[in-house]
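S.K.: Listed here are the chains, written in short residue letters.
2 protein chains.
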Amino acid sequence: MYQRFSLADIMDMERSYRRDFINTLSGYKPANLIGTLSTTGRLNAAIFNSVLHIGAKPPLLGLLMRPLTVPRQTYDYIKAQNCFTINSVSQEIYRQAHQTGAKYDEETSELEATGLTPLFTDALAAPYVAESAVKIGLELEEEHHIRANGCLLIVGKVIEVLVAESLLSDAGHVRLEAADTVAVSGLDRYFLPRLLSQEDYPRP
Amino acid sequence: MYQRFSLADIMDMERSYRRDFINTLSGYKPANLIGTLSTTGRLNAAIFNSVLHIGAKPPLLGLLMRPLTVPRQTYDYIKAQNCFTINSVSQEIYRQAHQTGAKYDEETSELEATGLTPLFTDALAAPYVAESAVKIGLELEEEHHIRANGCLLIVGKVIEVLVAESLLSDAGHVRLEAADTVAVSGLDRYFLPRLLSQEDYPRP
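Sequence lines, in order, name chains A and B.
With the first letter of the first sequence counted as 1, position 10 gets the number 37 in our numbering; the numbers rise by one all the way through.
With the first letter of the second sequence counted as 1, position 66 gets the number 93 in our numbering; the numbers rise by one all the way through.
Simulated from the structure, these hints should not be mistaken for laboratory data.
A few of these clues could be false.
Partial list, computed: chain A residues near chain B (C-beta under 10 Å) [claimed, not checked]:
1. M38
2. K56
3. A58
4. E169
5. L180
6. E192
7. T208
8. P220
9. S224
10. E226
Derived contacts from chain A toward chain B, CB cut-off under 8 Å, selection only [stated by the list, open to error]:
11. T51
12. I81
13. Q126
14. L189
15. V209
16. D215
17. F218
Please read these numbers as outputs of a predicted model, since none were measured by experiment.
Glycine included, C-beta positions come from ideal geometry on N, C-alpha and C.
So here's chain A without its partners, still in its complex pose (with noise of 0.2 Å):
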């Protein structure tokens, strides 16, 4: 049996409803740590759910954030410093993880807060995550504003990447699964994939 909701039905719906079903229909999202650093020195990491692949030559992913009605510190930060890192998330810290979505005050570090070890390259002033088996540092490369709800998408170029050594294959996949690495659904809801196959390229 199939449910039909009109937009006048999603549009109806209860505010913490509609959050958790319109994040939720469209499948399952990578869970990230954006890191960031403040010109003040403060350590910034967030959880995201929302990287996107945008292109291999260059290298560019994108980023969804919410709209800047509210003060977006990631977002600050990105344009202060022009870079950010993008760390994968694995079943060990991913309770941590999402422990950064937390509001904590100005001076707190959500890196500190929530146990995680920042790391630092000569390539980029934003800060790694340690404890990720992925980490991809990125160039600010442009933004776009969507209009019709106020959110940014942001790209960046990747300008270096962390990878442990056991998570590559001959053909150059980051197997994620090597890292335990896990993915969301909507915002809460933890996923641990496992590998159904490797398909071919599809010919007709």
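The hints should help you fit chain B onto chain A, whose structure is shown.
M.R.: Okay, now just chain B, sitting in the frame of chain A:
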């Protein structure tokens, strides 16, 4: 042991190695079939791993498309009808869904060629995939041109949802696991996620 890649290292990679490396780098993705209809009545269905949640009120989802340097039926049909569908992919149909990525000739419907079943409602001029437990109908809302590589972000407004009743939680979550919904890493590695936990709203 970590391996480090600079931007220069990535640009120097062999083409397919870089494609798979960058496509798998940032984590799991949703697997969805995009349904569209041409003005001549041709039914199109194509697998995409780039659907993105954009907002709940109004309900908005995004779809990243490759540059229009070669003909893109999905894009052309979305523009022609101003609408499209997003359909979930389960373990039962993921091989058929993957096969829709093959370059069929212009006369062939991917739905017919892969044995999937079109389903129409009165709400929009695009086919749903009958086998999908979650079917989302959208109107084209806006599009954004990614300057760095020519990709397009298509933003659609959800105007209809058909969801198997057994998937809906009391709180509004769509329980993807109840339909054996798959996730994908890169372009070819399919996964079946297992629920680890549903976390509470994080507080300091």
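S.K.: Would you mind marking each hint as holding or not holding in the structure?
M.R.: Outcome of the hint check:
no.: 1; hint: M38; in the structure: 7 Å, holds
no.: 2; hint: K56; in the structure: 7 Å, holds
no.: 3; hint: A58; in the structure: 7 Å, holds
no.: 4; hint: E169; in the structure: 6 Å, holds
no.: 5; hint: L180; in the structure: 6 Å, holds
no.: 6; hint: E192; in the structure: 5 Å, holds
no.: 7; hint: T208; in the structure: 6 Å, holds
no.: 8; hint: P220; in the structure: 4 Å, holds
no.: 9; hint: S224; in the structure: 6 Å, holds
no.: 10; hint: E226; in the structure: 5 Å, holds
no.: 11; hint: T51; in the structure: 4 Å, holds
no.: 12; hint: I81; in the structure: 6 Å, holds
no.: 13; hint: Q126; in the structure: 5 Å, holds
no.: 14; hint: L189; in the structure: 5 Å, holds
no.: 15; hint: V209; in the structure: 7 Å, holds
no.: 16; hint: D215; in the structure: 5 Å, holds
no.: 17; hint: F218; in the structure: 4 Å, holds
The earlier numbered hints are all upheld by this structure, with none contradicted.
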